[in-house]
Each structure stands twice: as structure tokens, then as C-alpha cells.
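Colleague: Chains as they are written, first to last, in this note's numbering: chain S, 1 to 485; chain E, 1 to 133.
If you're looking for bench data, these hints aren't it; they were derived computationally from the structure.
Just so you know, these numbers come straight off a predicted model, no measurement behind them.
It cannot be assumed that every hint is accurate.
[Unchecked claim] Restricting the straight-line Cα-Cα distance to at most 25 Å, the calculated cross-link-like pairs of lysine-lysine (DSS-like) are:
(1) 390/S / 132/E
(2) 104/E / 23/E
(3) 167/S / 132/E
(4) 352/S / 90/S
(5) 23/E / 454/S
(6) 480/S / 104/E
(7) 436/S / 468/S
[Claimed, not checked] Calculated from the model, a selection of chain E residues having no Cβ within reach of chain S, i.e. all distances over 10 Å:
(8) 41
(9) 129
(10) 132
[Stated by the list, open to error] Not everything, but these chain S residues come out facing chain E in the computed CB check (under 10 Å):
(11) 304
(12) 307
(13) 474
Yeah, the Cβ is synthetic: ideal placement off N, Cα and C, and Gly gets one too.
So the chains spell out like this:
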Amino acid sequence: MNSQIGTSGLIFNEPQLWDKSIPGRCGISIPSNDVAKIELSKELTRENVEFPELSEPDVVRHYTRLSQWNFGVDSGMYPLGSCTMKYNPKTNEVQASKQEIAGAHPLIGDDNSQGALKLMYDLQVMLAEITGMHATTVQPAAGAHGELAGMLIIHKYHEKKGRQRSKIIIPDTAHGTNPASATLCGYESIKVSSDENGVLTPEAVAELMDEDTAGIMITNPNTLGLFEKHIKEIADLVHAKGGLVYGDGANMNAIMGYVKPGEIGIDVLHLNLHKTFATPHGGGGPGSGPVVVTKELEPFLPVPIIAKNNDKYVIIEDMPDSIGRMHTFYGHFNVLVKAYSYILSMGAEGLKNVSEYAVLNANYIKESLKGVLNLPYDRPCMHECVFNDKKQAQFHITTMDMAKRLLDLGFHPPTVYFPLVVEGAFMVEPTETESKQTIDEFINAVKTITQEAKENPEILHSAPNITKVTRLDEVQAARKPCLRG
Amino acid sequence: MKEINQLELPEDLKYTKSHEWVKKNEGDTVKIGLSDYAQDQLGEIVFVEVPEVGGTFSKGDEFANVESVKAVSEIYLPVSGEIIAVNEELEDAPELVNESCYDKGWIAEVKLSDPSELDSLLDKGAYLVTLKG
Chain S
1 MNSQIGTSGL
11 IFNEPQLWDK
21 SIPGRCGISI
31 PSNDVAKIEL
41 SKELTRENVE
51 FPELSEPDVV
61 RHYTRLSQWN
71 FGVDSGMYPL
81 GSCTMKYNPK
91 TNEVQASKQE
101 IAGAHPLIGD
111 DNSQGALKLM
121 YDLQVMLAEI
131 TGMHATTVQP
141 AAGAHGELAG
151 MLIIHKYHEK
161 KGRQRSKIII
171 PDTAHGTNPA
181 SATLCGYESI
191 KVSSDENGVL
201 TPEAVAELMD
211 EDTAGIMITN
221 PNTLGLFEKH
231 IKEIADLVHA
241 KGGLVYGDGA
251 NMNAIMGYVK
261 PGEIGIDVLH
271 LNLHKTFATP
281 HGGGGPGSGP
291 VVVTKELEPF
301 LPVPIIAKNN
311 DKYVIIEDMP
321 DSIGRMHTFY
331 GHFNVLVKAY
341 SYILSMGAEG
351 LKNVSEYAVL
361 NANYIKESLK
371 GVLNLPYDRP
381 CMHECVFNDK
391 KQAQFHITTM
401 DMAKRLLDLG
411 FHPPTVYFPL
421 VVEGAFMVEP
431 TETESKQTID
441 EFINAVKTIT
451 QEAKENPEIL
461 HSAPNITKVT
471 RLDEVQAARK
481 PCLRG
Chain E
1 MKEINQLELP
11 EDLKYTKSHE
21 WVKKNEGDTV
31 KIGLSDYAQD
41 QLGEIVFVEV
51 PEVGGTFSKG
61 DEFANVESVK
71 AVSEIYLPVS
81 GEIIAVNEEL
91 EDAPELVNES
101 CYDKGWIAEV
111 KLSDPSELDS
121 LLDKGAYLVT
131 LKG
């Protein structure tokens, strides 16, 4: 029997903790109090604080049951395009959890933090080396925060030059956060369209680039998973008009070890350590968005910067042209530890292999599925490929139906309806960490679904059918959201 | 989704390439909304952000946006002018854009600053050509 990965099993219904609460129940024995009681002032107290009263097994089973409703990268393939939901080796978690690292405190001073500072300094150097840039800040807390730091640097650069500019060019294939970061710096976003091959042309940029334009924000590879092959020419013409080139490095896992952004004209770039460099991503936990810059832009980096002074690592606060502080202390240190551990354990060759496999896997899927799904841009892709539902329209099946049906078959859905330049986009990013066997199972699942679209469309319209929660009414959820905890 | 021949496109309205409709009222004012094609393509609309009354915009400016289950899309002002009224019912009932795009689902009323701009808009026939393009 050809058994599929997704199946149904025993899943528990589970109420909210408050509904399980029994008055007087407690999970721990509280030691007797040896401190004299005092009365708190009225402003500090209130009546009827609603804490659920529960035993330890009540709580453990509650969260275990909720976790069983979930789909995670530890349970199956998660081909969510643009998000890089790859499997992260557990060794990096182990390193970040070591007592010496997890217990480090930023207020104990440089002398007592030499190990932590060395780690951050070395990571700054490694990230600059990987990207071909000159200097790094590891302070920003996430990708969009890194973007903001990068755009503030560009803003400061123009300010120092003596004349602020008012606009920034952003391609239609950019990440949605790009215009937001530019707007926060006071720049008006000017959209430039990609051509019929899905990439930017120097001509289109030249038409918009003028001396009131601060620069351009480019994601390379772009959100269609395509390499912006005219990047150097575009960078040159932006530079010629006094602008700077911002690189969104969120898709760095496609080009690491092969392309150094510093060598193709990028002036500022952010990285997503929580995508490319081994921190689990998508759970709302801490991320990290270091920014790397050219030598010319180094004075504008946020303070503090970790530097090496002879054999001692020091924290430098005194940088008169700095854009200022972006985060408390030095950013999300535990994410930095995982990136450091990942880079050292992979080594230079290993990081090149990451890019090779990410690109190979995506192209394998693209070639394997382009017979059953429409492929709007049929050319070699980088780490992700974008299909749409055009071939299924005749059966009244949409991208959303196919995405939901994948859950029944044991796969997380891909990214849907993004990027916006592809109508009904179905965007697959397998990442470098999936084996050929798993990818073949995914390809077969999609082929099964496209067959069902012809023969049994009803099963797609109602999908997912075997999950704990079946098709949600997303319209109602968005129009009348229930925000109760 | 609808085929092009299933679209409802009233003859007395003007249209834009970005799928807004414009209806000429008394004086130099117009009513603006999204075409049947736009609401059909967007799918079920869950939120409409309307501009403030009194705001002035130029032709082609983003003046409102509309969120469907699929995506957030900008709405561009077909003609320059001042916003003199907005459809406040959309706040509680964004589905009016789907159910009645030319009537109850209107988005804003604008006082024209340059009435000659109306001549640059598309009539039904020209709009249909862009849809078939």
C-alpha cells in the first residue's frame, strides 16, 4: 500500500486553563513563610485576580495536547516560501543553553564578559567576511529592525553629505517590510516594476533614479526566487547619482559562499540570523538582524559596537556620527551564539553547500511540478520557486484549496498569494535541509492534489479534512475577530 | 471567479486601469468605488481603510486600501481633489464592496480640483479592452 504521510490519530480536545481550574488546587507545595507579613498599599493590590488553580499534570497535559495540534519543522516539511523554515541542528541550541552563556549578564562589565564579547566580535568579523562587507552591528533584534537600522544609516549618510533626499526606489518584488522601513525614515517609496522575466532592469531604475532619491532597496534573490542579474549595473547607476544600495539579505541562504553582496555594489545589508543562521523561526521568539556596511558607512553604525583593542575586547559607545542605539544592551545574544556555533560547525565549505542544496532543491521541485502547476517565470530559480493556480482554474480550484489539502497529506502549506506580482501565487521554499526522499514525497503529494482537482474537487474545497481543526472561516475571523484569550 | 462577460459594468460610469469606478454627480463632485472586476479578483473583503474627510490628493495617489483574505491592496484616486465624504458603513460592513460595489459599497466622494481630468478616464468599452488585454 502506498501510505501517505498525513494520517489521523488520537488528538485530545482541551479547554482553556481557566476552564480546568479547581478552587484550592495547586501544583507546588509553597514553603511556610518566614518573613513577616506587611500590608501593601491599595494602589498596588486588586481583588479578583484570576489565576487558574491547577496541578502539575493538568498544566503539562494542557500544553502537550496543544502542541499535538500543531505542525512544526520538527514534525514535517515546512515549504513556506520567503520564510526559510529550515530544520536547525539541535547542537546550536545546546551551545546557547550552556550555563556560561545563558547565565551571562550584560551588567557585569567588559572585564568579566571577555568570552561573550569575543564571540560577538568574531561573529561581526565572520558576517562581514561572508557578505564581503567592512563592518557589522549585531544589535538589531530582527529582520525588519535591521532594515530600519540600515535605512537610518542611509538617512544619516545623506544628512552628513549636507543634503537630505526624499525618495527611495523599491521593486515590486520586494519584501513588504521594505517600504515600511523607508517610510519610518521619512522617505517616499517609489515602486519600480520588474520586467517580463521577473527581474529589474537598469533602464527601469535609471528612469526613476535622480538626485532626490536616497537609493534603492533590493532583495537578491528577489521574492520570485530569481537572481537579480543586473544588480551591478543597477548599483553603478544609483551610485552615479549619489544614491546608496540597500540589500535585503533575508534570502542569503541561496547565495552564501558564492556571491558577496559587497562585491556587487551593495552598501548596506541586513541578515536574518533566525532564517539563514540556525535559529528557529516563525514562533515569535527572538530573532536577530545584523547589519553589515561598507567602510564609508561604518561611522554611522548603531552604538555600542564590539571592538578588539590589542588582546582585549571592548564595548565602544563613543561614535559621534552613529545613528544611536537600536536595542537595549547588545541585541539578542542567544541568537548570536547559535549563529556563531552554526557558522563554526558548518565551516566555509559547509556554508557553500547550504546554498547549493537550497538552490538545487528548489529547482528540482520547479522542474518536477511545472507539468501540473503553472509556472509564470520559467527560468532557473534560486532557493524558492513560485507557481500559481492557473491550470486548476477550470476546475474551480484555487491556490488556497491546494494549500489546505497539503495538510491532509502531511505537509505544511507553502506561502500563498505572495509575492503579489504573481496572481494566485503558490510559493515553495524547500530549504537545504530536506532530503531527496522527503522532497519526492512532497512532489507526489502535490501531484496527487492536482489529480484530485480534476477528479474529486470537493475533497479540496473542504480541506483540511483530517486535522484537529478543519477549514476555518477566515473571512469571518478577519471581519469579526474574537480576541478573547 | 467571474468570466469577463459575466462582469457587471454600468454604462454611465467611468473606469481606470487600476479598477476604480467614477460617477459624476451634481456640480464638480464624483463618487468613487471599486469595479466588479476588482472586487471579484480580490475575493472576500474584510477591511476597508478610508481616507479622512478634508484630505486632498492628486490623481493617482493611494488614498485608501482594501484588505481581502488574500492581500492588502491600494486604491488609487482616479482624479485630483478633496475628499468630501467617505462611506462610513464600510467600517462595520466591508462586505458591501463585494455585495454592492457600485451602490452601497462606494468608497469616497471627491470634489474635483480639475474637472478636465474626467476626460482621461476609460468608458466601459475601453475598460473592457484593458481587462481583455
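Colleague: For each hint, tell me whether it holds in the structure or not.
Modeller: So, going through the hints one by one against the coordinates:
no. : hint          : in the structure
1   : 390/S / 132/E : 16 Å, holds
2   : 104/E / 23/E  : 13 Å, holds
3   : 167/S / 132/E : 34 Å, violated
4   : 352/S / 90/S  : 20 Å, holds
5   : 23/E / 454/S  : 42 Å, violated
6   : 480/S / 104/E : 20 Å, holds
7   : 436/S / 468/S : 29 Å, violated
8   : 41            : 8 Å, violated
9   : 129           : 19 Å, holds
10  : 132           : 16 Å, holds
11  : 304           : 37 Å, violated
12  : 307           : 43 Å, violated
13  : 474           : 5 Å, holds
Hint check: violations occur at hints 3, 5, 7, 8, 11, 12; the rest are consistent with the structure.
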